[in-house]
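As they're listed, the protein sequences go chains A and B.
Just add 25 to the spot in the first sequence (first one is 1) and you have the working numbering.
Just add 33 to the spot in the second sequence (first one is 1) and you have the working numbering.
A portion of the hints provided could be inaccurate.
Restraint ranges, calculated between C-beta atoms of paired labels, are given here [said to hold, decoys possible]: (1) VAL365(A) - PHE142(B): 47 to 57 Å; (2) MET34(B) - THR335(A): 55 to 65 Å; (3) TRP75(A) - ILE45(B): 55 to 65 Å; (4) PHE327(A) - ILE175(B): 44 to 54 Å; (5) GLY27(A) - ILE175(B): 30 to 40 Å.
If you're looking for bench data, these hints aren't it; they were derived computationally from the structure.
Don't be surprised by glycine CBs; every beta carbon is placed ideally from N, CA and C.
Single-letter residue listing:
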Amino acid sequence: MGTAEIIIKIVLVVIVFAISLVIAMYSTYAERKIAAFLQDRVGPNRAGPWGILQPLADGGKMFLKEEIIPTNANTFLFIAGPSLAIMTACIGSAVIPWGQKLTIGSYTFDLQIADINVGILYIFGVVSLGVYGIMIGGWASNNKYSLLGAIRAASQNISYEIAMGLSIIALLMTTGTLSLGHIAAQQHGFWNGHYFSWNVFSQPLGFLIFLVCAFAETNRSPFDLPECETELVGGYHTEYSSMKLGFYLFAEYINMFVSSAVMATLYFGGYNFPFMDLIHSQNLVTILGTVFLFGKVFLFIFFFMWVRWTIPRFRYDQLMDLGWKVLIPLAIANIIITGVVMQFIK
Amino acid sequence: MSTFYFIAFLSIFFSILVITARNPVHSILYLILTFFTFTIHYILMNAQFLAIVNFIVYMGAILVLFLYTLMLINLNKESEPRKSNLVKIAGFIGGACFLITIVAALKAFKMSDSVVTQNNDLGLVKNLGKILFNEFLLPFEISSVLLLSAMVGAVLLATKDPKAA
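The following block holds chain B by itself, in its conformation from the complex:
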């Protein structure tokens, strides 16, 4: 349990650093560390497949692309748009309202007893595959169609308009 609290503290600590870091590239690097702590959380819950997929897909691919884009556009203080004080105050009030809503909503929940999982081995690749392809086949296939449509859309946006050429 103490491991969990330590890792949870690290997750929150790094995610705060993500939004307070001045340099966008530093912010992404903190985000990578945050995702790494998530991987440890998954391992603590014995969800091996989820852990390693989070590691490969989020840390290894998506954040590399984030970093790639940020390095290319090279954001820095000079090119950052100046925000007026009005916008800052509005942002602060909006954020505070959101925080109050979240806190109130969380308070309305009863603290549940600690979750008892029926099957500790659910996160192993074999069991996960069997469940995904039996019980949850339809949602699984539908989400794959969703991903496919996103891919087709991206290819369509990236290819040049044949009429314009």
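Isolated chain A (complex conformation):
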């Protein structure tokens, strides 16, 4: 790997990191605007035109608020909790293919930071690690409500990880690779001559299971039991204030962005778009592909918010029933059906 390549990778890392932070920031704004729209209100409209500077005002407020560490809390772990949460949220975006190859001058480079052979499993590992931030923070607060929130988060994540893994297995059977770069490349265009090339058309049930699990893994409503304010005051972040609370809330939005990008890549063709073969300039295709990928990601983020302001929260036993008694059997059935169909087609 030459120096130029390393510099390109570093620049790419910085860009992806900055984009995820900006998108997470404006997701908070979008969330409030969409909530306002769905509830027939106006929403934030004071900071800047249409309230467009609201996220900056919120960020400034978070930074300047008083920082409180409870007397009997475990200081080190109390700080480690939100740090871990935001770190695990950020590292997931490293393996997502943001676009095809881009040529500038004599250099040709990939818009994917790391095309590792086990990309899907890497995402899966990062997701399973994400719960530690919540657990450690909830426990270190030394508060009963926080502890209950942390424990809820742990059991919820473990339960839904199983169904998520099983839904991915069916996808892997059809694609035959674990690399996200290859999976995105396989879904070239929209119609491959015989059938739709996007995976959602061959794996509709698998996508549905993955979507529900993604909601549960990001602790989004209707599965936001760890921070259920009607039962647990604030859940795992009851004791947090200032930017540490901000990190927890921010981590949730980054998680949402990364899981939207994963869903778009795995099931909705990633950077591919219909009629892409009609454009002959490779760079134009790449740039348009990236724009399309972000369009898909924004649609998913909008869907996350739409569901939050539409569907009431589950009860905890209903959540467990859905995970273990509905999603896991459905995912196993999906694997069997996929196997049988693949044998027949072959």
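Fit chain B to the supplied structure of chain A, relying on the hints for placement.
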């Protein structure tokens, strides 16, 4: 090679912290770090699948459950049973005997030459799958039956006795 020694030092360092930590929750957190260093070892050996499975299953699931249980029962110094000095001395002697046995056994071994793997790509998912489902099919299936029986046993223990209800 220096990377290996550094990671090996970290593994041993964190595993010592696991047993010396006073607080059980800290001990689990050190165990998580220990497993993370194991993941790095696997990556150094190009065993990608093993590395990522160790990451997902051990760090992401089993240790979360460990932490979960420890948080629920909330062990601390007050509730920890006091051990008498006799038990401590007995434990020390037993441990020392075990250490001597291990050291003697290791000394009896000849230091082998550094292992030469025939195939560096053995740890990649494709090759590993092919080997597991061809050469080692029987042991693989038997171990899956073992896991299944453990699962059935756990479900049986967890469900209430129908007669008692």
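Here is how each hint holds up against the structure:
1. VAL365(A) - PHE142(B): 47 to 57 Å: holds, 52 Å
2. MET34(B) - THR335(A): 55 to 65 Å: holds, 58 Å
3. TRP75(A) - ILE45(B): 55 to 65 Å: holds, 58 Å
4. PHE327(A) - ILE175(B): 44 to 54 Å: Hint holds: Cβ distance 49 Å, inside 44 to 54 Å.
5. GLY27(A) - ILE175(B): 30 to 40 Å: For ILE175(B) against GLY27(A), whose Cβ atoms are near 49 Å apart, the range 30 to 40 Å is violated.
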